[in-house]
Amino acid sequence: MTEKKKTTLTVRRGRRLPLMGVVVIMAALLVAVIVISTGSGFVRIPFLDVARIIAAQVTGLEGLVARLDPLVPVVVMDIRLPRILTAALVGSGLAISGAVFQGILLNPLADPYTLGVSAGAAFGASVALLINFTLLGPWSVPAFAFCGALATLMAVIYLTASSGDFSSGALILSGIIVAAILSAGVSFIKYLADEQVGIIIFWLMGSFASKTWAEVGLTATAVIPGLIVFLFFSRDLNLLALGSRTAGSLGVAPRKISLTLLVVASLISAVCVAVSGIIGFVGLLVPHMVRFITGPDNRRLLPVSALVGAILLLAADTVTRAVLPQEVPIGVITALIGGPVFCYIYRKRQTREVR
Amino acid sequence: MALYDLDRIEFAYGPKTVIDDLSLTIEEGHFYGIIGPNGSGKSTLIDLLAGHLRTHTGRIMFDGRALAAYSRKDLARRIALVPQDFRINFPYTCREIVMMGRYPHIPRFARPGADDLAIVDSIFEEADLLGFENRPVNQLSGGERQRVIFARSLAQATDVLLLDEATSNLDMRHTVQLLNLASRRVNAHTTVIAVLQDVNLAAMYCDRLICMRKGQIFASGSLESVLNPETLKTVFKIDARVLPSAFTGSLQVSFSKAVRP
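Protein chains in written order, with this note's numbering: chain A, 1 to 355; chain B, 356 to 616.
In isolation and in its complexed conformation, chain A is listed as follows (with noise of 0.2 Å):
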């Protein structure tokens, strides 16, 4: 009786770390990587500098930051910034919009761009660039590219819905369709695009370089509201694992939260590639890791792939801007960083579940 209730007891305590923990560590190590990023550059700057810049910052106090060399602020605040926030956001954004896609979808490897949300991006700024539409001054691309991922959206739930059925194996082959149009649509205009296709290229590559402000609170508008909806319906993304009808069955309207869920999340890509580029396999790649650490359950998944995904994805952007010696786009860094990585876990884990 005593080994039993014994066996009971560890089985309770599960293998799972304690999510406030891993949530105080991740967030403490994103804090660490943007100090340490603000700090790290072409001028170096000292990190107790950093510190008391945003402290001066935050209070008002000019006294803090008296003793620095005026352009220093400057640097940090107009410049560095702005560029590590967009950054981390966007990694965050598409860290769990890539988690719930795969929520949705019922399929591990699925991320934000399976959808064909990516392409339609890819087709709206190549569109903007061909045209030259300068129209709306810096926002001219990302709005072109934003309306673009919506459209893709569009089609892609439309073409769903008339199949009868919301199913994931419906809407993954309806992306799939979507995509490959769109991506012959990009090749025909950088054909068309003479001297323009060295900026549609670069485009296409991703990156973070010259952000502002303005982009950093757009990004924050689209991840932060859509990750409180995200961590609402977190419960009920963990039944839509068991198949839409016994979801149904425990509480949960299927299609209402695999929509709702759906447009939330291709907002949030959507926003993300339209403010950087298309930078691929961080909504692929971190929700896969983070499940090594949390296991698959939503509710502890979503809150530490969004810390994860902002530390990975300026990681990697500090290093392109502050270690290499020549800026390489931040979408070809993923690419070559996180292909291989996921090449790897997938490997194993294929050898694993053949047993």
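Since the hints were made in silico from the structure, they are not lab data. We put the beta carbon where it would ideally sit given N, CA and C, even for glycine. A couple of the hints might just be wrong.
[What the hints assert, rightly or not] Between beta-carbon pairs, the in silico distance windows are:
1) Asp553(B) with Ile337(A): 48 to 56 Å
2) Gly413(B) with Ala253(A): 21 to 29 Å
3) Ile177(A) with Arg528(B): 44 to 52 Å
4) Ala357(B) with Arg349(A): 46 to 54 Å
5) Glu382(B) with Ala253(A): 23 to 31 Å
6) Gly413(B) with Tyr158(A): 29 to 37 Å
7) Gly339(A) with Ala465(B): 38 to 46 Å
8) Ala193(A) with Glu365(B): 51 to 59 Å
9) Asp376(B) with Leu17(A): 50 to 58 Å
Let chain A serve as the given structure and place chain B on it in line with the hints.
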């Protein structure tokens, strides 16, 4: 008072009518079996009883109120569904899956209480699943997974248990074990309604039988009144004998190889 009262209900997938002018009452505290050929509307009837699908015409009363008037949450506390085998692609542990059966009883942001943990513990023992608690559900065999899914429905602790070919993936031992567990739940307050392909299992476990054909009830009532050679001949187009078996203590069906046109 009847638990379910179905009055001339109809349901169609697009132009294809699946449930056609069907009326039925289901009473509390029985083990109902639903039998019928493939495509006769058994699974659709289960989805309608679960509230997962809505009737196009006619109405379903559940415990004195229109089924459509219940919130999904209320239904989840009263009706559990075990579907046909479904692959789960995420590495939830079996314990996490069974705990999902308690979700309808736990507020959205609350942790499971001591009673929830105790219920889940006792169900692992009852369902012969001790040792499975921490195993990832995506690494189980189809039969093991189905037993975990069934345990999840027991954790839901509902008045009605709907089984839609829930034993189709199980070997004989585990089929009997699962149906024994379901059978043990049948009492004054709990009703089991099971779609079964195997009429012999239906004969062993059910005290009421519903035989469907082409979206309608061909016959329903006590096991003995429904399970006879004439019904099987008309509905399944096979020749069969139905005799009491001293070994199983219930009626048993044997078939001839001949298939009727």
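Quick rundown of the hints versus the structure:
At about 54 Å, the beta-carbon gap between Asp553(B) and Ile337(A) stays in the expected band of 48 to 56 Å. Between Gly413(B) and Ala253(A) the C-beta distance comes to about 22 Å, which sits within the given range of 21 to 29 Å. Distance hint check: the CB atoms of Ile177(A) and Arg528(B) are about 46 Å apart, consistent with the given range 44 to 52 Å. Between Ala357(B) and Arg349(A) the C-beta distance comes to about 51 Å, which sits within the given range of 46 to 54 Å.
Distance hint for Glu382(B) and Ala253(A): a CB-CB separation of about 30 Å, consistent with the stated range 23 to 31 Å. Checked against the hint of 29 to 37 Å, the C-beta distance between Gly413(B) and Tyr158(A) comes to roughly 32 Å, which is consistent with it. In this structure the hint that Gly339(A) and Ala465(B) lie 38 to 46 Å apart at CB holds, the actual value being about 41 Å. Between Ala193(A) and Glu365(B) the C-beta distance comes to about 58 Å, which sits within the given range of 51 to 59 Å.
At roughly 57 Å, the beta carbons of Asp376(B) and Leu17(A) sit within the given window of 50 to 58 Å.
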